[in-house]
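Between the sequences and the hints, there should be enough to build the whole structure, so can you do that?
Which chain is which? The protein sequence lines are Z and A, in order.
Read left to right, the first sequence gives residues 1 to 220 (UniProt numbering).
Read left to right, the second sequence gives residues 1 to 220 (UniProt numbering).
Check each hint, because a few of them may be wrong.
Copies of one chain are not kept apart here, so a pair can be met inside one copy or by any two copies together.
Unchecked claim - With a cut-off of at most 25 Å between alpha-carbon atoms, the simulated SDA-like pairs for lysine to any residue come out as follows: (1) Lys45 to Asp205; (2) Lys97 to His19; (3) Lys45 to Tyr126; (4) Lys30 to His19; (5) Lys57 to Asp32; (6) Lys178 to Glu106; (7) Lys97 to Ile75; (8) Lys97 to Ala23; (9) Lys57 to Leu174; (10) Lys45 to Gly90; (11) Lys187 to Ala70; (12) Lys178 to Thr120; (13) Lys97 to Thr143.
Hints in this document: simulated from the structure, not taken from any laboratory.
Given next are the chains, with one letter for each unit.
There are 2 protein chains.
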Amino acid sequence: MRLVIARCSVDYAGRLTAHLPSAPRLILVKADGSVSIHADDRAYKPLNWMSPPCTLKEGDDDVWTVVNKAGEKLIITMEEVLHDSSHELGVDPGLIKDGVEAHLQELLADRIETLGDGWTLIRREYPTAIGPVDILCRDGDGTTVAVEIKRRGEIDGVEQLTRYLELLNRDPHLAPVKGIFAAQEIKPQARVLATDRSIGCVVLDYDALRGIEDDKLRLF
Amino acid sequence: MRLVIARCSVDYAGRLTAHLPSAPRLILVKADGSVSIHADDRAYKPLNWMSPPCTLKEGDDDVWTVVNKAGEKLIITMEEVLHDSSHELGVDPGLIKDGVEAHLQELLADRIETLGDGWTLIRREYPTAIGPVDILCRDGDGTTVAVEIKRRGEIDGVEQLTRYLELLNRDPHLAPVKGIFAAQEIKPQARVLATDRSIGCVVLDYDALRGIEDDKLRLF
DNA sequence: ACATCTATCTCGGCA
DNA sequence: TGCCGAGGTAGATGT
Numbered sequence: 001m002r003l004v005i006a007r008c009s010v011d012y013a014g015r016l017t018a019h020l021p022s023a024p025r026l027i028l029v030k031a032d033g034s035v036s037i038h039a040d041d042r043a044y045k046p047l048n049w050m051s052p053p054c055t056l057k058e059g060d061d062d063v064w065t066v067v068n069k070a071g072e073k074l075i076i077t078m079e080e081v082l083h084d085s086s087h088e089l090g091v092d093p094g095l096i097k098d099g100v101e102a103h104l105q106e107l108l109a110d111r112i113e114t115l116g117d118g119w120t121l122i123r124r125e126y127p128t129a130i131g132p133v134d135i136l137c138r139d140g141d142g143t144t145v146a147v148e149i150k151r152r153g154e155i156d157g158v159e160q161l162t163r164y165l166e167l168l169n170r171d172p173h174l175a176p177v178k179g180i181f182a183a184q185e186i187k188p189q190a191r192v193l194a195t196d197r198s199i200g201c202v203v204l205d206y207d208a209l210r211g212i213e214d215d216k217l218r219l220f
Numbered sequence: 001m002r003l004v005i006a007r008c009s010v011d012y013a014g015r016l017t018a019h020l021p022s023a024p025r026l027i028l029v030k031a032d033g034s035v036s037i038h039a040d041d042r043a044y045k046p047l048n049w050m051s052p053p054c055t056l057k058e059g060d061d062d063v064w065t066v067v068n069k070a071g072e073k074l075i076i077t078m079e080e081v082l083h084d085s086s087h088e089l090g091v092d093p094g095l096i097k098d099g100v101e102a103h104l105q106e107l108l109a110d111r112i113e114t115l116g117d118g119w120t121l122i123r124r125e126y127p128t129a130i131g132p133v134d135i136l137c138r139d140g141d142g143t144t145v146a147v148e149i150k151r152r153g154e155i156d157g158v159e160q161l162t163r164y165l166e167l168l169n170r171d172p173h174l175a176p177v178k179g180i181f182a183a184q185e186i187k188p189q190a191r192v193l194a195t196d197r198s199i200g201c202v203v204l205d206y207d208a209l210r211g212i213e214d215d216k217l218r219l220f
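This is the structure in structure tokens:
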């Protein structure tokens, strides 16, 4: 990783055109060839960047040009270099996450009877023309149920599930299909909309689901 | 801006919990108090971060703790500092952009006849109870048309336009109101949904619209 | 403060 | 490869 502090101006021409007037900034050149330009505020988003794969060419005239395959260009005009150092970091072992939607889906699919006695899984990520349904299952009566899972349940999620239900109910092999909106937290507006559309709401307890899963594993 | 290269492990506890095992990384501490941790790849997204406003406390035991108002925590355990330098950058003048959705809307409103002969603009940002319609206009037959503009046309945009159409069609002064979904790029699923709802799809050519605009300006 | 919407979104997954 | 959905989305804008 190369760290350069320099007064520079920057031009980006790609998905949009953008310009940064001359000012002192941090320029990061990483081992994968990517380049990013940071001001002295904001943790997350660089002022300007070029994602890998891309190539950096340092011209004789203190103009750096970064290009990628799509023809996007980042042109950095160096006016005064204040710091320039390089460091070997090696490959990062990466982030270990916990508590995201994919995990909730796994946990609930593995313990679908949490939703009611006699419920059985048809499949996770059930494919439709407008995208996959998180979980398709059957309730105790054998009625098909589409489950939409969110970490935070908002109106968008109810709309999404409504579209799936409309589509699934056109399939005579599946119809009638009921809907369940499952989330760790359900916003009041989302609950009202779901209820109005006869969609059931279930608040998921992540720790409890994981506990159940742990108990299951302990049996083996 | 402070640049620290260090072997460290990191724990985040907040909206989720995440852990970074020990490895050499870049730690950026910016003038606004924000902190970000970068591996030697990827231009855009840090491995971990804390957005401002937040406060960093460097403990005696080489443990740095960053907290924000919401109680989220970032804990950096420093194991070996390989580089540590600070630099005064000042406030950045900021990015000047061109070619975003607002601009597309201006361009299309100024050249509404792109959509068809005899089309006329009623107004941009036509206000409704559920938000402004990007463009309201009339087609060659005098029928009212609501236009939703996106840079990239996806399902959400079609849903949004559908809600507007439903509302506008309740107004006897306007009804019947047709819908046009206009974007630089329209995803297949969005097109399917739009077509199913009798909403027209138009792919906008930004450069062509700008070219027309340039031609217009040249007349004056 | 909160809600809504955009983004050079980035990123991962799956067809 | 393209398409789709999630994100600690972040960041901007309007109420």
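Quick rundown of the hints versus the structure:
| no. | hint | result |
| --- | --- | --- |
| 1 | Lys45 to Asp205 | neither (30 Å within a copy, 29 Å between copies) |
| 2 | Lys97 to His19 | between (36 Å within a copy, 7 Å between copies) |
| 3 | Lys45 to Tyr126 | neither (35 Å within a copy, 31 Å between copies) |
| 4 | Lys30 to His19 | both (22 Å within a copy, 22 Å between copies) |
| 5 | Lys57 to Asp32 | within (14 Å within a copy, 32 Å between copies) |
| 6 | Lys178 to Glu106 | within (21 Å within a copy, 43 Å between copies) |
| 7 | Lys97 to Ile75 | between (36 Å within a copy, 15 Å between copies) |
| 8 | Lys97 to Ala23 | between (37 Å within a copy, 17 Å between copies) |
| 9 | Lys57 to Leu174 | neither (58 Å within a copy, 57 Å between copies) |
| 10 | Lys45 to Gly90 | both (23 Å within a copy, 18 Å between copies) |
| 11 | Lys187 to Ala70 | between (37 Å within a copy, 19 Å between copies) |
| 12 | Lys178 to Thr120 | within (14 Å within a copy, 44 Å between copies) |
| 13 | Lys97 to Thr143 | neither (35 Å within a copy, 53 Å between copies) |
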